[in-house]
Each structure stands twice: as structure tokens, then as C-alpha cells.
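Chain residues, written in single-letter form:
There are 4 protein chains.
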Amino acid sequence: MSISIAFIGLGAMGYRMASHLPKSFEQVLVWNRNFAKAEQHASEYSTQAVDIETATQADIIFSCLPTSVEVEAIITQYPPKSGAIWVDCTSGVPESAVKMAKFLQEHGAYFLDAPVSGQTIGAEKGTLTVMIGGDTKAFEQAYSAIEPFGGLIKHVGDSGAGFAVKAVNNMLLAANLWATAEGFTTLKANGVDLNNALECINASSGKSAVTEMVLPQRILNREFPLTFALPLLAKDTGIAISLAQQAKLPTPLLSLTQNLIQTANLTSDAESDFSSAVKLYESWTNIKIE
Amino acid sequence: MSISIAFIGLGAMGYRMASHLPKSFEQVLVWNRNFAKAEQHASEYSTQAVDIETATQADIIFSCLPTSVEVEAIITQYPPKSGAIWVDCTSGVPESAVKMAKFLQEHGAYFLDAPVSGQTIGAEKGTLTVMIGGDTKAFEQAYSAIEPFGGLIKHVGDSGAGFAVKAVNNMLLAANLWATAEGFTTLKANGVDLNNALECINASSGKSAVTEMVLPQRILNREFPLTFALPLLAKDTGIAISLAQQAKLPTPLLSLTQNLIQTANLTSDAESDFSSAVKLYESWTNIKIE
Amino acid sequence: MSISIAFIGLGAMGYRMASHLPKSFEQVLVWNRNFAKAEQHASEYSTQAVDIETATQADIIFSCLPTSVEVEAIITQYPPKSGAIWVDCTSGVPESAVKMAKFLQEHGAYFLDAPVSGQTIGAEKGTLTVMIGGDTKAFEQAYSAIEPFGGLIKHVGDSGAGFAVKAVNNMLLAANLWATAEGFTTLKANGVDLNNALECINASSGKSAVTEMVLPQRILNREFPLTFALPLLAKDTGIAISLAQQAKLPTPLLSLTQNLIQTANLTSDAESDFSSAVKLYESWTNIKIE
Amino acid sequence: MSISIAFIGLGAMGYRMASHLPKSFEQVLVWNRNFAKAEQHASEYSTQAVDIETATQADIIFSCLPTSVEVEAIITQYPPKSGAIWVDCTSGVPESAVKMAKFLQEHGAYFLDAPVSGQTIGAEKGTLTVMIGGDTKAFEQAYSAIEPFGGLIKHVGDSGAGFAVKAVNNMLLAANLWATAEGFTTLKANGVDLNNALECINASSGKSAVTEMVLPQRILNREFPLTFALPLLAKDTGIAISLAQQAKLPTPLLSLTQNLIQTANLTSDAESDFSSAVKLYESWTNIKIE
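These protein sequences, in sequence, are chains A, B, C and D. For the first sequence, the working numbering gives the first residue as 14, with consecutive numbering after it. For the second sequence, the working numbering gives the first residue as 14, with consecutive numbering after it. For the third sequence, the working numbering gives the first residue as 14, with consecutive numbering after it. For the fourth sequence, the working numbering gives the first residue as 14, with consecutive numbering after it.
Chain A extracted, bound-state conformation (with noise of 0.2 Å):
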């Protein structure tokens, strides 16, 4: 094809989301704040190491950033071309895809809201689960752009609505986290060997992706390999919280989640792994879960 596609935000999902791209792309233009990220990427990968004005006039602009905050900042400073779509993969703010939708839109352009889950080797494989948020149409177009490291990609709704799904999701694992901290420990200090009791569960009705994933292989093993981070992590269960009150809503338990998530936060790290939440509670009980 001969449209333009740049991917903006080399970070460790960015990096390798934009690796498949040019599988699919003659020009794929890449860009990064730490520039040298870009060009490493450029060679590695057969794509573009391009300044950010010229990223931002690509036909289909992928933005994969840290928060809300960076992707607004670069939208408005450096607005894309007439016709132009711009993909936000960031795990961003409802709030913040509507008024981009609208700035954009005043610009002849769209923005979709496409949040991913999957982590780092999902990114690796090109299977992310991509939930859309935004105009169809433009999601229509944008698809075959998106195909190259998509597993399951859904339009759900108007924009925001894809930040929204992402926030919900990372809050119930937030939820089942903490939740499986308490459950197993209680189980460890009542004599249960945990490995067993995991077999056990994951065969049963108590299991989720917390059980079957992150507990064997981050947790019990002791290895909290950071491929999400914690401050990340406290950021999404805000958003859904944010999300719940703005509609009203009484959330006990997400409110609560959200509050263990955040304390968990404080007393942590930058750098730790989303897992290692689990270690406020172990400070707590003086039980490992391992």
C-alpha cells in the first residue's frame, strides 16, 4: 500500500507493535523522545526514523505513550493532515479521547481511542487484544493498519469507549490480584501447600488470568519480571474509578481495589512489576506467597 503510517512512543509495547508494521507498509515512519530508540528501531526493523512533525503527517498515526497527558500534548502542538487517522494505543482517558476526537475532528481528522492488551509478548507475537473506541468509519479504515499486531481488535463504542474497556479490564485484574493475595495467603497460613491448592483452583471456579498467569509466573516464582508497571497499573484502576463516579455509581469493592492498588504504589518502587502489589501485602502478613 502506499499510505503512510507512522507509530509514535518506541516504549517496550510501542517497539515491538510498530515491528510488525512494515510487514504490511512500504513506509512505516517511526519516532521516539530518546531519538536513539528510533533509529535502533529504523535499523532493526526496515522503518523510518523521522522528526515528530514529519511522524505526525503520516496517514495513520499510532501514539503509544504513557498516560493521557503526553498524547494530548503532542496532538495539539503538532495536529495531523486533513483525512488523517490517529490511533491512540496509550492506556488513556475517556475524558481525554472525547476532546481529541473533537479536536481533531475540527481539523478533518479522527481519533480512535485503541487501547491494548497483552502484554509485551503479545506485542512480541502481533496478538494484542486492540478495543476501539470512535468513529466506524474511521475505524474501518484504520483496520488493516491495526491487523499487523491484533489479535482481537473490537469497535466498542464511542470514543472513549476503548480506554473505558481497558480501564475496566486492568481494574478486575487489579481486583483479582489483591483478591488472590489474600486467598492464598489465608490458604499458606492455614497449611496448604500453594502450589496444589493453584492446580486446584485453576480447574475450578475461582480461577482467572491472575490465577492461571500471573500468580505461577510472576509471583510464586519470586521473579516480578517488569513488563507492566505498578504506577501504570494504579493509573488504570483511577480511570475506571473516575469513570464509576463520574456516572455516579457506588463501587465498594473497585474503590477499595483501587485504594489497595494506590497504597501498594506509594510505598513502592517506579520500577516494580504490576505483580509485586502483592508485596505491600506480604509486608503486611509476614507470609510469602510463594
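Hints listed in this document are in silico derivations from the structure and should not be mistaken for laboratory results. Fair warning: there could be bad hints in the mix.
All copies of an identical chain are treated as equivalent in the list; a pair is satisfied when it fits inside any one copy or across any two copies.
Think about it this way: if two alpha-carbon atoms lie no more than 20 Å apart in a straight line, the pair counts; the simulated PhoX-like pairs of lysine-lysine are [stated by the list, open to error]:
{"no.": "1", "residue 1": "Lys-261", "residue 2": "Lys-201"}
{"no.": "2", "residue 1": "Lys-167", "residue 2": "Lys-201"}
{"no.": "3", "residue 1": "Lys-261", "residue 2": "Lys-301"}
{"no.": "4", "residue 1": "Lys-292", "residue 2": "Lys-261"}
{"no.": "5", "residue 1": "Lys-94", "residue 2": "Lys-112"}
{"no.": "6", "residue 1": "Lys-292", "residue 2": "Lys-167"}
{"no.": "7", "residue 1": "Lys-36", "residue 2": "Lys-115"}
{"no.": "8", "residue 1": "Lys-138", "residue 2": "Lys-115"}
Computed from a prediction, not measured in an experiment: that's the story for all the values here.
Here the structure of chain A is known, so what remains is to put chains B, C and D in place on it, guided by the hints.
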């Protein structure tokens, strides 16, 4: 084999579990308080409906009753013979398992706490997860009698450990259920289509047995089929909390979950499926999870 | 004195507060959306019912409205004259106080957030606690105008500080209210006479304004007189939670309180006294706190 | 009077409580595990230090021990004589009161659960609140013996009712303590001076024994004087939760409070005053409540 097997308690689970035993054993005795059900089972599966005195004198006795209270009542009134193994599939209280194991030991018999997970469908297919606490030799001896209805059959620790794992499993189920209700209501209040959101979350890190099975098969379709009653889930969450409190563990998230489930239980009809706990939450928000 | 005073918003609180002003000031202007009430006030207390344009041109303008939204609407449409001091007795939003203070500063005027505590009885007696945020000089100048209805009049910090203290005060009221409901229900379920228990607790370390006043005067006697509406308490707890979240603070107990009060609010008639929040809890336990 | 009085347990409370008895009674026997303390009391207040066998044969026996466990141990080993009244001022377990009352009844004696509130200062001044459960006749007979150290002396119900009221009182203290910590930290994070805020709240509806006494006298001044140990408050909140659970009551706010206090307890030195529970919260927020 010439050993005799008895099955006590032919409720929704027990009736189906006992149906598999005649494939492996010549003599399968069944008993049920409402005796007509035992006779029906006998005619349907070639088991023998017998009185409680006879049933409790089998070599291996299974029980599957509402709570540990009913189990203790039968065992203390009709203790099994020396050498017998009592396999209690009730979702019972760990403390009671310790007490019953000691009581049977005085009669030269064995008590295994062997609760099951997998619901009526798993009981029907004979693929239940069985988590077992108690004497390892008795476990090995009873193994082949459990196999007909078991998928994963796992020894998880001393007496009470099986009940503990089951209680924690059901507590995690409860936490996931309530968190999911809050999360999906938040999405609906923000204009997101729940079926699309569910598809994304089931392909993401927030998934659980609740999002994969309970939500689509019981809640979103508004069927709430009664296969596991809410009062029993409330009881199980109470058991898990007791385990935590005996160990002096703080469990803020599980405690809140137990309180919410108990509130749902107190305000629901006793014949409600566990999934209908979400109806309490719906009554607060005036938003149906559908 | 020859300075002119205006009072905007003659609700249950404002009507009584404004009634004290003519003792100290010759000219007291009053305005109310339902203007008949202003006229009634004028005839009852020798104030002057005027239109909003006139009221907002007084030297000192008091406002006492449901929320900051109504205050902002009036201030931005009818900004006061240079040198004027606007004393807002609404239980408002700290962020709004900062915004209004800045807006009035541009007009050479001052904004004090000056919420009150003491309910209608305190307004009637002129013994309200007034917690004030904003410019200290404006505070000193306005002091004598606040005195007629104030008991304790306290400057607590910059713009927004008054609203913040009020929001936290009401959050503590809410927490004490709900905790008291749970505690006294626990006692009643255990056969304790609530009046005797109350007497003991009011002579002990568990006492609060709730046990000393709200429980005996509103709940135990089943009167729930409407003097402070539940939706307003729900709003105030929301303001307190927003303050915590902006500061990235975990507040597990206050968050749960806010969720419970909001649940009570959603399931109650809008014309319910704040004390009737306990009726939600009573509906769960089927035990009346009486 | 010629009746003999004994006081068992001369801790921080008991030592002071027993000091008032000689004013009204000729013969006051005292016993303490660390016997030197009994001898010191005897020399200081003209009581008689006696062995436990002698003490338990008095007409009225007071006990003031850490928990019901110690009380039961002494009573069952040294049952009082027929007609005696045992007045247990421990903050004990309601179930234990029922058991001890039944046990003493078999010996023709009486057990009153009579926990006290008012701390060491109230014990010193003889103004303690005494909340009493058990036989009303025994209560009337024991009244004059309680009076020397009691302010409000109140019969609140059958055996266990006194302990229940005390447990709920201390639970409310705990809830107010933690809520106040969260609330005042929120104010400080928003730039409000805590002393001014405290003055306003103590003149408003959010006040409690915590804001009136604990916060200014123990926390804001950073003294945390050890007069009521945190492990005892944790124990009392546990008693209150047990009462709720036996009655199948949901108590979300009290459960969370108990979990937070227990977390503070697990992470604190055993010799910490109850007020130092807030230090756990301070460690989360990195903001000192001062």
C-alpha cells in the same frame, strides 16, 4: 471390585456424582433423607437404596450434604466400621474436618475432606475437580472410588485442607463476581456495549471464570439458573473469612466481598442462584447488567 | 454601619442566617430564586427583597446555595463591584473556590469560601461554626458581617480550605453515622438494649456527634426530620474523596463510606434527611435501629 | 462493711481501680501474677496482698486481666464460694461471659461482665463508665462495690451484654480513629492547617472522642502515650466482628476497620498505644498527622 461403596446425600450434585460409581463398583448403596430420591436413583442407575445404618457400614462412604453440621450429625450417630474411609464431598468447615478425622481415627476409620468444583455439569460428565485433605494412605486407597466422577483429583494437605481450598476458591469466585458486576455496570453507564466489552476482556488480563462463564451464561442472558445456591456461596465466603481470622490475617478485600455477598443473601430468596447476587447491585444502580 | 450587605439563597439555612444581619447592619438586601420567599423574609426581618442585579452590587455579598454550580452561575453572570467581598456559605467544591477567587480578583473583588456547620438550629441561634478559606485581609474585613450568625469563625487557609474542612467534617459525620448503624445493629442482634448501650457509649471513647445527637434525636425516635438532605451529604462525601484523589492519597475507609452513602442516596427519596441513610442498612439486616 | 472484696489483676487499670476500694470497704484483698505489684499496692493503699486461693474466696471478686482466656483459667481453677459475685472488668468475649456465668451458677455464685471505659485517668479519678451484663440481683448487690471507681454504672442486659457494648464502643473508637487519620491527612495534603481544622470540626457535626481527645492529646503532639495498647484494641475490634458474624450481619465498614487496625497491629511494636495505628497510614502517605 468386591468392596462396598455408599453415597449419602443425593442433591443436585450428589445424585449425578453417584451415578458414575456403578461403572466401577458392583455394590453401590445410596441414601437420601427424602428417600424417594434414593429409590429413584436405584432404579435409574442400578444402585441400591438402603437405610442409613446400612449405608454407613460400607467400605467407602461418600457424603455430599448442605453443610458440615449435617455431616457431623450422621457420622456421630452412625460411625463407620474400622478400616472404612469416609469421603466428605460437602463444602464444609476445615475445623469440622479436623474434628471428624480425629473422631473416626478413634473408630479405626478415616475421614477425607474432599469438596468438589465443577457444578452440576461437571458432576454429570464426571469431570469434577476434587481437592482432598487428610491421611495420604486413605487418599490413595480411596482414589479409584473418586475417579469415576473426578477430573483433577488432588491431595492438598492435612485434614481441613480440602475444605480450605474450596472455601478460598469460592471466595475468589465471589470477589470476581462482584467486581465484574461493578465493572460492567460502570461500562454500561458510560455507553459501552457489554457484549463487545466482554469479548475484549475475555481476550485480556481481566478475564476470570466469571467473565468467561458466569457472566455470559447466567447474567447477561438474565437466566440465573439455580445450580449453586446463593446461601451456600455466602456460607463458603464465611468459611474463608473464618480461616483468615483464625490466622489473625487482615483480608480487607475478601472481608468486603463476604459482607456484600452476605447482604445479597439476606435480601434474596433462598432459592436464588449465586449469580443473582448481582441483582442487589442492580437494585442500587438501577442499571441491569444485560 | 453604612456598608450594604446582601444575602443570596434563602433556603433552610440561609433564611435563618440572614435574619441576624439586620441587628448589625442598616441595609440588608435579600434575593431568592423563588422570590416570594425573599419578600416573606423582608416583611419578617425588615430586610429588602431586591433583584439579583442589585443584590450582587452590595459591599458584602453572602451566598448559600445547593452547590458550587449555582454559585458560579450567578457570580459569572453578575460579577460584584470592585472592592466587594463575596462570602460563599455553600458547602462547595474547593476547586471552584480557587476559580472564583481568581475570577473575582480580576474584578478587584474577593471570594471567601465560608461554609457553615451547626444545622438549622445553629442558624437560628446564630451560633454556626464558619470555616473560611481565602484572602486574610478580606477575611478580617468580612468578620463583623459574619459574626451575627457565627459562633466559631475561623480562617483555615487559602481559597478552598474552608470547603475542604467542611467536606472532611461531613465525611467524618458520614463515617460515624454508618459505623454507628452497624455497631448498634450488632448490639441489638445480640439482645442489648440500645438506649442503655447509648448511654454507656456516650460516656466512653466511642462517642461522636452521631451518638450524642443524631442517633437519639433522629434515628432511635424514628423521626428523621429533614434538616440536611441526604443528597447533600452524598455530594459532600464526594468532594472529600475528590480532594483525596487529587492528592493521590489512598483513603480506604472514607471511600467505602462514600460508596455506602451514595448507595443510600441512590435508593432513597431525594427529600430524605441524611440520617435516613441508616434505612438502607436496616433493609439489609431487617433490624430497626430503635 | 464487713464483706470481703478482692481485686485480681493490678495492671495499669486495675491498680488504680483497686485503689478506691479501701475508702468503702474494710477488707480489700489484692492479687497479681507479678506479686511484687500486689505488695506495692498493699503498702500504698492499705489493701492486703494475698495468694490467689484466698483472693478467690472473697464475697465480691473483681478481675481485670488482658483477655477472657486468663479470666477463665483462674475461675475454673479457683471457683469462688457459693453466694459470691465475680465482677469481671476485663474487655472480654461475650461468649465467655455466658460460659462463666453458667459455670459459676453451678457453684451457687454469680458472674457479671463489667468492662470499663475511661482509661487510666478515669480509673485514677474513679469516674469510669461500667457497662454490665448478667443477673440483675447480683448487679444490685455488687453496685456499691463498683461505685468507688465508677462514674456511670449501667446494667445493659444478660451475660455478655457488657462485653458486647464495650467491644462495639471500642470498634467505634477504632473507626473514628482511622477515618480521622484519613480525613486530616487529606486536609494536610490540601494545605489546610490541622489545628485550625480541628477547632472547626470539634465545633461541628464531624466531632468524636477521637477529634476531641485522641487527636490533640496523642497524635498531633506526637506523644502516643501507652495507656491502651494497640493489640488490645485489635482484639476488641475482633470481638465486635465476631458478634456481627454470629448474628449473620453484614458490617462492611466495621469489617474494614477491623482489618485496618489488625494490619496496624501486625506491623507495630506490641507496646504501642492504640493511637499509633495512624502511623501505619502515615507510612503509606508519607504525611505526618501533626
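Which hint numbers doesn't this structure obey? 6, 7, 8
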